[in-house]
Every structure is written in C-alpha cells, then in structure tokens.
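The listed protein sequences correspond, in order, to chains R and V. All residue numbers for the first sequence refer to our numbering, where the first residue is 1 and numbers rise by one. All residue numbers for the second sequence refer to our numbering, where the first residue is 1 and numbers rise by one.
These are calculated hints, taken from the structure and not from any lab test. The reader is advised that the hints may include incorrect statements.
[Said to hold, decoys possible] Calculated lysine to any residue pairs in the SDA-like style (CA-CA distance at most 25 Å, straight line):
no., chain 1, residue 1, chain 2, residue 2
1, R, Lys205, R, Thr491
2, R, Lys418, R, Ser609
3, R, Lys563, R, Ala573
4, V, Lys87, R, Ile282
5, R, Lys205, R, Glu502
6, R, Lys160, R, Phe302
7, R, Lys418, R, Phe302
8, R, Lys505, R, Gln603
9, V, Lys87, R, Val607
10, V, Lys87, R, Leu422
11, V, Lys87, R, Gln603
12, R, Lys160, R, Ala555
13, R, Lys160, R, Gly105
14, V, Lys87, R, Ser609
15, R, Lys162, R, Phe546
16, V, Lys87, R, Ser604
17, R, Lys205, R, Leu152
18, V, Lys87, V, Ala74
19, V, Lys87, R, Thr491
20, V, Lys87, V, Ala41
21, R, Lys162, R, His552
[To be verified] One-sided and incomplete, this derived list gives chain V residues near chain R with beta-carbon spacing under 7 Å:
no., residue
22, Val13
23, Ile17
24, Leu20
25, Asp93
26, Ser96
[Said to hold, decoys possible] A partial selection of chain R residues facing chain V, derived with a Cβ cut-off under 10 Å:
no., residue
27, Gly587
28, Ser604
29, Arg608
Just so you know, even glycine gets a beta-carbon here, dropped at the ideal spot from N, CA and C.
Chain by chain, the residues:
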Amino acid sequence: MELYILSPILFPLLGLLINATLGQRMSERAISGVATLAAAAAFLMSALMFGQLSGGDARLSATVAPWISAGPLQVSFGFLVDRLSIVAMLIVTGIGALIHMFSAGYMHGDPRFRRYFVYLNLFLASMLVLVMADNFLVMFMGWELVGLCSYLLIGFWFEKLKNAEAGRKAFVVNRIGDVGFVLGLLLIFATFGSFRFDDVFAQAKAQGEALAGAIGLITLLLFIGATGKSAQIPLFVWLPDAMAGPTPVSALIHAATMVTAGVYMMVRAGVLYELSPLTQQIVALVGALTALVAGSSALRQFDIKKVLAYSTVSQLGYMVAACGLGAFIAADFHLLTHAFFKAALFLAAGSVIHGMEHGLHAAHGAHVDPQDMRHMGGLARRMPVTFLVFLLGGLALAGLPPLSGFFSKDEILLEALKHNVLVFALLAASTVITALYVGRQLVLVFAGQPRSAAAAGATESNWLMTVPLIALTVGTALAGLFNFPTTHALTDWLAPVVPHGETPKFMPELAATFTALGLGGLGTALWLYRRPEGRFGEAEAALGRFLAGAWHFDAAYRAVVVKPFYVLSTICAQVLDVGLIDGAVNGVGQLFRQAGAALRSVQSGFVRSYGLMMLLGIVLAVAYFVLNAR
Amino acid sequence: MDTTAFVALLSSVLFTIGVLGVLLRRSALLIFMSVELMLNAANLAFVSFAHRWNQLDGQVIVFFVMAVAAAEVAVGLALIVTIFRTKRSTNVDELSALRG
Chain R
1 MELYILSPIL FPLLGLLINA TLGQRMSERA ISGVATLAAA AAFLMSALMF GQLSGGDARL
61 SATVAPWISA GPLQVSFGFL VDRLSIVAML IVTGIGALIH MFSAGYMHGD PRFRRYFVYL
121 NLFLASMLVL VMADNFLVMF MGWELVGLCS YLLIGFWFEK LKNAEAGRKA FVVNRIGDVG
181 FVLGLLLIFA TFGSFRFDDV FAQAKAQGEA LAGAIGLITL LLFIGATGKS AQIPLFVWLP
241 DAMAGPTPVS ALIHAATMVT AGVYMMVRAG VLYELSPLTQ QIVALVGALT ALVAGSSALR
301 QFDIKKVLAY STVSQLGYMV AACGLGAFIA ADFHLLTHAF FKAALFLAAG SVIHGMEHGL
361 HAAHGAHVDP QDMRHMGGLA RRMPVTFLVF LLGGLALAGL PPLSGFFSKD EILLEALKHN
421 VLVFALLAAS TVITALYVGR QLVLVFAGQP RSAAAAGATE SNWLMTVPLI ALTVGTALAG
481 LFNFPTTHAL TDWLAPVVPH GETPKFMPEL AATFTALGLG GLGTALWLYR RPEGRFGEAE
541 AALGRFLAGA WHFDAAYRAV VVKPFYVLST ICAQVLDVGL IDGAVNGVGQ LFRQAGAALR
601 SVQSGFVRSY GLMMLLGIVL AVAYFVLNAR
Chain V
1 MDTTAFVALL SSVLFTIGVL GVLLRRSALL IFMSVELMLN AANLAFVSFA HRWNQLDGQV
61 IVFFVMAVAA AEVAVGLALI VTIFRTKRST NVDELSALRG
C-alpha cells in the first residue's frame, strides 16, 4: 500500500538511478527513454490514484518512516494523496512526461545529455515530494529539493559565466524567501505543536480567533517564502535570469510546476490564510502589483524567452492575487491552465530557438543570437506546427475564449470584482498588457519577412518535439472544460479539501468586456508592429529602459544590496582580515624575529666576549654576596 | 704594612693581570698562561693566609690546585695543539664555529 502511494516518487528515482549508474554505456535514445518512461509511469500511477479518489476514497495516506523524534517534536515521512494533491500530481507528471519527451529531441547531441535527464528525474521526484507531503516539514524538504534542481538546471551550461551566475542568483534569492518560510515553520510548531496539515488545520479551525495574531504572522512568513519560490515582488528578479537554462527546463520548472509551488502551498494552507484577513489583503495586493509590473516589463524585452519569463511572473501574480482574495480554487484552476499554455509556449519557443540554431548552421552566416526576436520574423511559414502551438498558447495567455486561459482568468477577475476593486483594476490593466505583449511577440517572431539568415533557414523540429507540443496544445485548448462556468467540475472536486466562498456567477458582460479588451490589445500590437524594424529602438527611450529593466528592481537591488555588500566584503577582506587579523599574526612573528635579531648579537662566537660576560657575572654575584653579607 | 697584607695585595695584582690577559689576548696559548697566572695568584693568597692563621688547610688546598692545574695543562695543551693542526692558528677569535 505504501509502495503504491509512493510509486509516483519512486519511478523517477528509479529512472535517475538507472541513468546515473548505467547511463555511461547507454545510448541517448535509451537514456531519454528510461527517463521519459519513468515520468510516464509516475503519471500512470497518479491517474490510477485519481481513479480511486473519484471512486469515493476521500484520501490515500502513507507514513513511511519516522524522521525526527525529539520530545514533543515528532515528524515522520508522511505522504498524502487527496483531491488537491492529485491535481498537482497529474499536472507535474503529465506535463513532466511530455517535457521529458521534448527534451529528448531538444538536448540531442549535448555532451551532458545523461546528466540532464538525471536532473530532470530528480526534479520530478522532488516536486512530487513537495505536493504529496502530509506535513509542512516534508513539504519544505521537497521545496528545497526543487530549488536545488532549479539551481542545477539553470546553470546547466555552466561554461558560460552568465549562466552560472543566473543559477547562483536564483539560489540566493530563493534562500531569502526561505528564511521567511523557515521562520513560519518554527512559528507553526510553536503555535500548534505539530507540523501535520491535519493537526494544524484542525486546531486553527477550532481556535482560530484566539490564535489570530500568531496565524497572521505565520501566513505572512509563509508568504515571504512564496514570494521567493513563486517569483513575486520583491523577489521576482531571479526568474527572468533563470531563462539561462535549457528551454524545456524553463517550461517545466520555471513556468509549469516549480514556480507554482508557492501558490500550491498557499492553497494547501488556505485554512490559515482564511483566518488572517490582513495577510490576505497584502497577498492580493502583492500579487496584483506583480501581475502589472512583470506584465509591463514583458512589453520591452527582445529575448523570446525573457518575454515569456516576465509573462510567467505576471500570471503567477494572478494566482497569488486569487489566493489573497480567498479564491483558492480559482488560483488552482489558473495554475492548471497556466501549466498547459505556458508549457506549450515555452516549448514552442524552444522549438523556435532550435529551428533558428539549425538555420544558423545551414547559413554559415555571421553569428546572431538565436533567441533575439529582432533576428526572427516570418517563421510562421517555415515552422507551421510551432506557429500554431504558439498562436493558441498566446491566445490562451491573452485570455481569449474558448481557450483555457479565458476561463481561469475570468474566474479570478470575477472574484476580484466581488472582493477588492483596487486588485481588480490592477488585474484588468495587466490583462490588456498581456494581450499587447502576446501580439508583439507573435508579430516579431512569426510575421513578415525573415530578418536574418538564421530565420530564413529555420526548419520545423522533428516529431519528438512536435508531438509534446501538440499534446500540450490540446490541453491548452480544452483545460477550460475542467471548470466550465456551467458545470464547475474542478470547484466541486476541490470543495471538500480547499476553503472556498460562494462561487461567483458567470457574468457574460464581464467576459465580453475582457474578450473585447484582449482583442483590442492584440489588434493594437498588430498595428504597432506592422513594420517591426521601425520599433527596435523602443527600448532606448526613457520608458523603454524603465520597462526593459523591469522597473529597475534589479538595478535597485544592485545599488542597495549588492554594492554595499561588496563594499562590506572589501572592507572585511582588505582592512579587517589583512590589516587586523593578518597584522596581529604577522606582528607576533615580527616581534620574535626582531627580538631574536637583537639577542643574536650576544651569541657572537667570540671566546673573549664570552669571557667578559662571565667576568661581569662573577663580579655581580660576588658584589651581591658582599653587599648582603650582613 | 705587614707581610700578609702585602702578599694579599700582590696576589690580587697578579690575579687582575691574569684576568686582563684572558680577556685581552687573542692567542690561546697566552690566555692559557694567564689562566695559570690567576691560579697561582690564588695559591699565593692561600699560602699567605695559611701562614697568617697558622692553619694547614690553605696549604693543603694549594697542593690540590697544583694537581688540578697540572691536569688542566695536559688537557688544555693537547686541545690547543689539535686546534692549531686544523686551523693553522691559535687565535681564539677565529674559533667561532661549533663544528671542526
């Protein structure tokens, strides 16, 4: 029974063990096959459990082994599959399996092919530990493990210093958030005396009023952790840099799964968030602001992946804002649809980059950055499948019906309209901005004439890459059905385990307004970029620089945190270490050296001077005795 | 001035000459002779005081000193001869190394 519940974690672990130990002698095909099969097996087991849950079982749980046993602190490796975690498991393993398959084509010929798939399987196992945990501490273990995998995969091509630095930045920024998370965990134990979700939530429900202060602080601290992992203001700066990793990694880790861990955590701890209205307000505002800031920053990026990265931050802002509004189910729904359409977009971007690199090889031309949209153009005709995927993903991202993004975004906007006008205004503004940058990207990449030899020579990717693309596109198109406004299947499914208010009624006029706004945004972008060459200087103007630098968050951190830190380090190294500590050590040595040099002259080696010394000594001794004779 | 005081004065003058000889001369041989001078100055003082106090102790000590001096001469001269053979000199200022 335990083995059955743990199997989604164990399959990827088995895959990584096989590849890590025997992979040296295996072909690329075998390595990627093992890894992909492991992911697919995990998906199959998750689907089996889903069937069991929908068959009536409330939950499946397994306690594998005790972990920490110290007085009142009792933690065990407990795992829990309930209606919330099974949704996350299906997303992680399903999209994970498709991205494994895509990677087999994308990473073909990479010298570290085997290591890539080992990391990818490790990530899958870690992510499943995170979502299947039945207590906060095991969840935190998964939380840190996925952070490690993220670090390893961002810096996967570490030969370039820039990539290694991006990995390090992600790691450090996430640690800042983790400080908040760990403090939250400690406070949870101090308040409730347990880490288990069941105990904590039951106690919180029973005596919520009495513990309001502590719960408020706990939720705020946990939210700081979420701002790190889910890239919210003020800690979102690592995610755009994380695009240094291979593109399938960006799709899996930095769009579909890992970065949504913060949202998943808040949905899981929804009971606590429900009890602290102040935290809710902060969360909603931070999420909405992030949606606007990141969305507008996407408007002035020229790197195809950076646009999507800022878009991811922006969409995560929607989910976080939904959590803040108490609309946990809407947040989870958007998490689900976003996982589909953003994974599709990222993989399509990967396919574009792959095609551009192909074209680059064929053209033997001057080197151009294969990710720079200024060198693309006209790819719709050369890469029709990729174009279609990107188009549908982009329209879903812009929230146009009948694609999945429309339904989930509409639900969040409805909740915002009901609860908080300011948040609604911010989210509405970023909806228009979303349509604008989607339109801009579509035009720059796919429309018009090729603007470089690489784009002119680009070719469609092979089936290993197009099949997952098509599968994800089907999901992108149909995922809205999971929570169709008339049936609300997902709401009904999650209602027993996730706190929820009354589901707002579908408002056709609101949906129509935002559809019109989205279409208007797209149209504006199409019109603005009808001659894209004329607008390449846009990042130079004051507003352009402001947006291209993501509202100068990075620059501000560099000035306020990084620079002073370097100055402090320099002071420590040059003044304190060299001056004080080394000075003291060297000073002691110098002292004895000079004392030795001074005393050395006594040992001259001249017999007569020794004789003189002896005489003086005798005279002194005699004088002493004579004077003390009485 | 009685005899004892005179002899004691002579003894101390001879001892001082010996000390100065040890300190100021460079030749090992002359230093050696100065040491002998110091020993004999001490002998003179012993004999004189023994005579003055009518006791034999001082005279006995003198014989001991002479015996020790004879032994010392035997060893010391042998050393000086050996040093001269290796260094071709008896200048003590050149004898500053601890190895041969």
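For each hint, the structure was consulted:
Distance hint between R:Lys205 and R:Thr491 is fulfilled; the C-alpha atoms sit about 21 Å from each other, no more than 25 Å. Distance restraint check for R:Lys418 and R:Ser609: the Cα-Cα separation of roughly 105 Å exceeds the 25 Å cut-off, and the hinted pair is therefore not satisfied. Our distance criterion of 25 Å between C-alpha atoms is met by R:Lys563 and R:Ala573, whose separation comes to about 15 Å. Straight-line distance between C-alpha atoms of V:Lys87 and R:Ile282 comes to about 96 Å, which puts the hinted pair past the 25 Å bound.
A distance of roughly 19 Å separates the Cα atoms of R:Lys205 and R:Glu502; the hinted pair therefore holds under the 25 Å criterion. The straight-line distance between the Cα atoms of R:Lys160 and R:Phe302 is roughly 20 Å, inside the 25 Å bound, and the hint therefore holds. Taking the CA atoms of R:Lys418 and R:Phe302, the gap is about 37 Å. The hint is violated against a cut of 25 Å. Restraint check for R:Lys505 and R:Gln603: not satisfied, since their Cα atoms lie roughly 103 Å apart, outside the 25 Å limit.
Taking the CA atoms of V:Lys87 and R:Val607, the gap is about 16 Å. The hint holds against a cut of 25 Å. Restraint check: the Cα-Cα separation between V:Lys87 and R:Leu422 comes to about 105 Å, which exceeds 25 Å; the hinted pair is violated. For a cut-off of 25 Å, the pair hint linking V:Lys87 to R:Gln603 stands: about 21 Å separates their Cα positions. Straight-line distance between C-alpha atoms of R:Lys160 and R:Ala555 comes to about 22 Å, which keeps the hinted pair within the 25 Å bound.
About 23 Å separates the Cα atoms of R:Lys160 and R:Gly105, which keeps this hinted pair within 25 Å; it holds. As the CA atoms of V:Lys87 and R:Ser609 are separated by approximately 21 Å, the hinted pair is consistent with the 25 Å bound. A distance of roughly 22 Å separates the Cα atoms of R:Lys162 and R:Phe546; the hinted pair therefore holds under the 25 Å criterion. Proposed proximity of V:Lys87 and R:Ser604 is supported: the alpha carbons are some 19 Å apart, at most 25 Å.
Proposed proximity of R:Lys205 and R:Leu152 is contradicted: the alpha carbons are some 40 Å apart, above 25 Å. Taking the CA atoms of V:Lys87 and V:Ala74, the gap is near 20 Å; set against the 25 Å cutoff, the hint holds. Distance check on the hinted pair: V:Lys87 and R:Thr491 sit about 110 Å apart at the alpha-carbon level, beyond 25 Å; violated. Straight-line distance between C-alpha atoms of V:Lys87 and V:Ala41 comes to about 32 Å, which puts the hinted pair past the 25 Å bound.
About 19 Å separates the Cα atoms of R:Lys162 and R:His552, which keeps this hinted pair within 25 Å; it holds. Interface restraint check for V:Val13: the shortest CB-CB distance to chain R comes to about 17 Å, outside 7 Å, so the restraint is violated. About 14 Å separates the beta-carbon of V:Ile17 from the nearest beta-carbon of chain R, more than 7 Å, and the hint is not met. Of the supplied interface hints, the one on V:Leu20 is violated, with its beta-carbon coming no nearer than about 10 Å to a beta-carbon of chain R, more than 7 Å.
Here the hint on V:Asp93 is kept, as its CB sits about 6 Å from the closest CB of chain R, short of 7 Å. The closest approach between the C-beta of V:Ser96 and any C-beta of chain R is roughly 3 Å, which is under the 7 Å cut-off, so the hint is satisfied. Taken as an interface hint, R:Gly587 does not check out: its beta carbon lies about 32 Å from the nearest beta carbon of chain V, beyond 10 Å. With its C-beta approaching chain V no nearer than about 7 Å, R:Ser604 sits inside the 10 Å limit, and its interface hint holds.
Annotation: R:Arg608 was flagged as interfacial toward chain V, and the flag holds, the nearest CB pair being 6 Å apart, inside 10 Å.
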